Amino acid sequence: MTRPVTLITGASGGIGSALARQLAPTHDLILTGRGGAELDALCAEVGATPLTLDLIRPEAFAAALAGVGRVTNVVHNAGVVELGRVAEQGHEVWTHTLAVNTVAPAELTRLLLPRVREERGTVLFVNSGAGLRANPEWGSYAASKFALKALADALRDEEAGHGVRVSTVYPGRTATPMQQKVREQEGQGYDPAAFIDPATVAATIAFVLNAPRDAQLPDVSVRPGPR
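The working numbering puts the first residue of the sequence shown at 97, with every later residue one more than the last.
These are calculated hints, taken from the structure and not from any lab test. The structure presented is a predicted model; accordingly, all values stated were derived computationally and were not measured. All C-beta atoms in this analysis are idealised placements derived from N, C-alpha and C, irrespective of residue type, glycine included. Be aware that a few hints might be false.
Quick list of simulated restraints, FRET-style, between CB atoms [to be verified]:
1) Arg130 / Asn231: 26 to 36 Å
2) Val316 / His258: 19 to 29 Å
3) Ala140 / Gly163: 16 to 26 Å
4) Gln312 / Ala137: 19 to 29 Å
5) Arg279 / Ala156: 30 to 40 Å
6) Arg279 / Arg213: 36 to 46 Å
7) Pro288 / Glu214: 36 to 46 Å
8) Arg279 / Asp310: 38 to 48 Å
9) Ala299 / Gly180: 28 to 38 Å
Make the full structure from the sequences, and use the hints.
Structure representation (structure tokens):
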């Protein structure tokens, strides 16, 4: 059987790298990031193809994807966060956050849809608990993730006739470099053991991607288990 080809954004660390390791035995992988030693090392480890993408330059996506062949699944995992009150965050933060977290996934999806349709594949958005509830100082990030949910919901109905499945996974706080940054912004200590293991989220995403064709998992929340 032909192995699925899965493209993962933000693959250099955290959930992205955990997912690459989870899928490597059964998927051919295209791992995107800003380039560098971490991405190169991961690609060498799992036998993946690296693809450099600057998510704040969607106008460059088409050229970057020109040499890409089959794509079965697209996992939108990359994201940025900058905490702050609405009264204090300037438009630069909002523009950057929405560009990376919402506009880039929309444009990348648009460009890859013909390939995914041919494969009857899956587009999966890694969202956040902040995509379901906006807490104080999370306004810009939550807005981008609420918008990402809207993108996924619209796409799901639009692409059903093409055999494309669309899913959103909402992880709770996960032990990633992004979470470490968030804890610093909150003025709190960072203990990875207090959060969900990235491998757990990766296993959930793999389950969604590998689900039998007669099932679709539109929205899946991953929350910390009892301690």
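To see whether the hints hold, each was checked on the structure:
In this structure, Arg130 and Asn231 meet the distance hint of 26 to 36 Å, their C-beta atoms being roughly 29 Å apart. Hint check: Val316 to His258, Cβ distance near 22 Å, so the stated range 19 to 29 Å holds. Here the CB-CB span from Ala140 to Gly163 is close to 19 Å, well matched to the stated 16 to 26 Å. Here the CB-CB span from Gln312 to Ala137 is close to 35 Å, at odds with the stated 19 to 29 Å.
For the pair Arg279 and Ala156, the supplied restraint of 30 to 40 Å holds, since their beta-carbon distance comes to about 33 Å. Checking the proposed 36 to 46 Å range against Arg279 and Arg213 shows it holds: the Cβ atoms sit about 41 Å from each other. Roughly 40 Å separates the CB atoms of Pro288 and Glu214, a value that falls within the hinted 36 to 46 Å. At roughly 41 Å, the beta-carbon separation of Arg279 and Asp310 lies within the given 38 to 48 Å, and the hint holds.
The supplied range of 28 to 38 Å is met by Ala299 and Gly180, whose beta-carbon atoms lie about 33 Å from each other.
Hint compliance for this structure: hint 4 alone is broken.
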